[in-house]
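Visitor: Protein chains in written order, with our numbering: chain Z, 1 to 99; chain X, 100 to 761; chain P, 762 to 995.
Since the hints were made in silico from the structure, they are not lab data.
Cross-link-like lysine to aspartate or glutamate pairs, in silico, EDC-like; alpha carbons within 16 Å at most:
1) X:Lys542 - X:Asp583
2) Z:Lys98 - P:Glu952
3) X:Lys542 - X:Glu585
4) Z:Lys98 - P:Glu953
5) X:Lys270 - X:Asp280
6) X:Lys214 - X:Asp262
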Amino acid sequence: MNQQAYVILAALLFGIGAVGLLVRRNPLVMFMCVELMLNAVNLTFVSFAKSLDDVGGQVVVFFVLVVAAAEVVVGLGIIVSIMRRRSGVTADDLRMLKG
Amino acid sequence: MQDLLWLIPALPLAGFLILVLSGGRIREPLAGWLATAMVGASFAVTVAVFADLVSHGEEERTFTQTLFEWLPSGSFQVGFGFLADPLSITMCLFVTGVGALIHLYAIGYMHGDPKFTKFFLYLNLFVFSMLMLVLGDNLLITFLGWEGVGACSYFLIAFWHTDISNATAGKKAFVTNRVGDWGFMVGTFLVWTTIGSVNYLDISAGASGVAAVTATAIVVLFFVAATGKSAQIPLFVWLPDAMAGPTPVSALIHAATMVTSGVYLLVRLNPLLFEAGWANDVIAWVGAITALVAALIAISQNDIKKVLAFSTVSQLGYLFLAVGTGNYVAAIFHMVTHAFFKALLFLGAGSVIHGMAHDQDMRHYGNLRKYMPITAGTFIVGWLAIAGVPPFSGFWSKDEILAGAWDYSSGGKVLWAIGLLTALITAFYMTRQVVMTFFGEEKWRSLTGEGHDPAGGSAVNAAENADADLEHSPAHDQHGLTPDFEPHESPPLMTLPLVALAGLAIVGGLINLPFSDQFERLGGWLEPVIAHEHEMPGGSTLVVLAIVAILAALTGIGLALVVYVRKRIPAKDIEQEAFARGFYIDESYSRFVGGPGRRLFDAVAWFDANVIDGAVNGVGTVTQVAGTQLRRLQSGRVRGYAMGMAIGAVLLVGYAVARMGF
Amino acid sequence: MLATTFVEYAVWAVAAAICLLGALGVVLFRNPVHNALSLVATLFGVAVLFVAQEAYFLAAIQVIVYAGAIVVLFLFVIMLLGVDAIESLGIERHVWRRPVAIVAGAGLVALVLVAVLVGTAEVTGQPSSTGSLGGEYNDIERIGRALFTDYVWAFEITAVLLTIAVVGAVVLSRKPTEAALDEAEFDRVVEESRLDEDVPEELDDDELDELEADDEAVGSEDLPTYVDEPGVTS
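The following block holds chain Z by itself, in its conformation from the complex (with noise of 0.2 Å):
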């Protein structure tokens, strides 16, 4: 297959993962989504690397990979002390950064 195909899949996965991030108030379902777009950037960067014939784009995915951990570890944190103290808290409700 060639790289456009995989291009385009990536641009539709990120686009869904755009609108649920968008539209969830969830904040553990708005998490998910943000997982999906990383996970279509990935795939671009793995679809160039083939195409350009470079390891670096596989690097970087690599990179993506160990970050987007780290990140779900202290959201899920900070989400968990947040919800921990009152059930049924949205995205709405948490306003605290207000300037």
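Following the hints, position chains X and P against chain Z.
Guide: Chains X and P only, in chain Z's frame:
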């Protein structure tokens, strides 16, 4: 020797700094001796530089010494340097010389004053500023000195500022000078735009290229500055009030040095004056009329210092008459002799005040020559000099001014007549002063013994409000003239300078006798500085004019003797109320400033507070409002932020795609 | 878009279908557990696509780390916090958000499509600038070589990052001290941070009924409910 030029102003500055930084630890009399020594040393250096200049040929007598680059700003380059040429060295000589004598006198006069040190550091600062004014090689340094002498004048007039009238006099002097300073500044701007440099040598070189209109404007502006500093109409009102300061101040600043800076400025710019057409007429006429008016006012003054103050205004009028008629050498000549005899007269008056328990009212004096012989003798020398009696110095210089005005193109004869009349009146009021003070009956013996009455409650001139500006000093507040008061002569520290100045007043005329070119030493000396020499009337005319002048002086003296000694004519007929009140000029100023002037000031203040400050505050308010509105963007809601980012991302990608080739 | 071989094409098609269906599931399901499982499907599909592009190491990593660790973490958290059915897709306070979101997403996709399909701009990257994918080394060796030579700085930094993440997790999950906000204070703080005109509208009766209906539809009694009671969840 020429390299020592910078020492001339540096020594008084050092004196000032030492006294300031010592924090009052240097007291009487060391402070006084230090200050005097500094000015004396400055005088010595001036003499050395003078000798050096003399030893050079006539054409090489201009020497500049640049210390550093003061304002290097693109095409506007101003250096900080000094210009030693015949004119500036002449000024330096009498500023430092007379200044040193006055410092010496002040050590005795200010004895016992709690602010002794402060007085001397102000005096040194003043001498420094005056020397900067005179020695500067460009208009900006002169302006530095100009402002400096104005500030020092304020400090010194208001020296005994615990008395509110002294403080007010100081403020009046400063504010009136400020009006003149505006003229100086605008004049400097004009000079720079037309000639391209503010350096005096460049101005002299480039003056002929200036259009007549511009030159006239420049000269008029600088003359405005001169009327402020040198107390001419209309800005002379501060000088009589300035008598509130201690007498050495009056002698130094308001007789010999600061008030001559206006004349110096105009003489320095004489190439420009030549290009300015009718501006010269303005100068000459204002000078002449001021001389006459001030002389008339002096007739009716009863305060010994006020008489001398108006006399100074009058003599300064003579100087401007000389400048206006193009007779620069005569102006400088009279400036020098006036410094001698006016300082002498002021110091003598101070000696009298000192000896009469600080009573300044001449109506309480009389026959003081018995008690203060040295003071009386030197004062009489000064009187003869200012009255214009040969062979004293004042005659030669005044006569040269009058003769120089005779041939002047627009109304020379009338100017000469005004000058002559003024000379007569000058002789009159000075004789009056001498007679009232040193001769006649001892009028204080017939006082009721209640002590000094500052309001001057005598029948004659009952409403003389000028007495409010008498010297009121805390240490000298012993107004206690009782009928059995015995006046005393002043200590040698004060009489020595009197004698020295008297000597100078006698022989001062030698520097520029009119008999032949060889005798006209000052004229030859100043020739490199004066661009266009002034034509004096021919030999026989000169002699006739001189004789007429002598006759006028003698007439004035005789008239005064008739009125005040023989009492043939009652004094009341001569001493008009209008003279005593200064022709109501000062009062009309006060009424204007307090009345319609006040409304104008309030309007300007309103404009400043509401429009200008309002604009600045408005910027702040706008920022605040904008900030409050922009704050809504930070709602704290993640979804809102995400929405914004998504839209932004779409736009960015769209932009990138739009730039792609298709 | 024609495949070189039928097998490749089939593999791509199936994997793509799994990805897309999983993605839609992540977005559309209401039960968070269903969302997580859909995410697993997507991740697995992406791993297959990695293999198809000869990035074997990455495919393995993807499955192990993403599907094996991250999603499990998600599920643990869901377990910890309980299933919240209050958030319903039917209710949206600002109605305009949904169309804008769909337009943004669709626009993004459309732009990429345009760029890829219609644009004539060449991919400008230089081939093999970091290292060739071919050559004598196998997949893992190649990545290893690149990591420890060209990217060693980033590698070390990510190690630090992971350490920070661990520390962060420990700190965030500590038991609250006495000075922490209790529920009343928390409510007050949340209330104060609302903008004035943004007062939450009271749910009217219809909306409330809808919520309750959703509640029942989920069938909360079928799922284990771990309600947050003090002392239970810590």
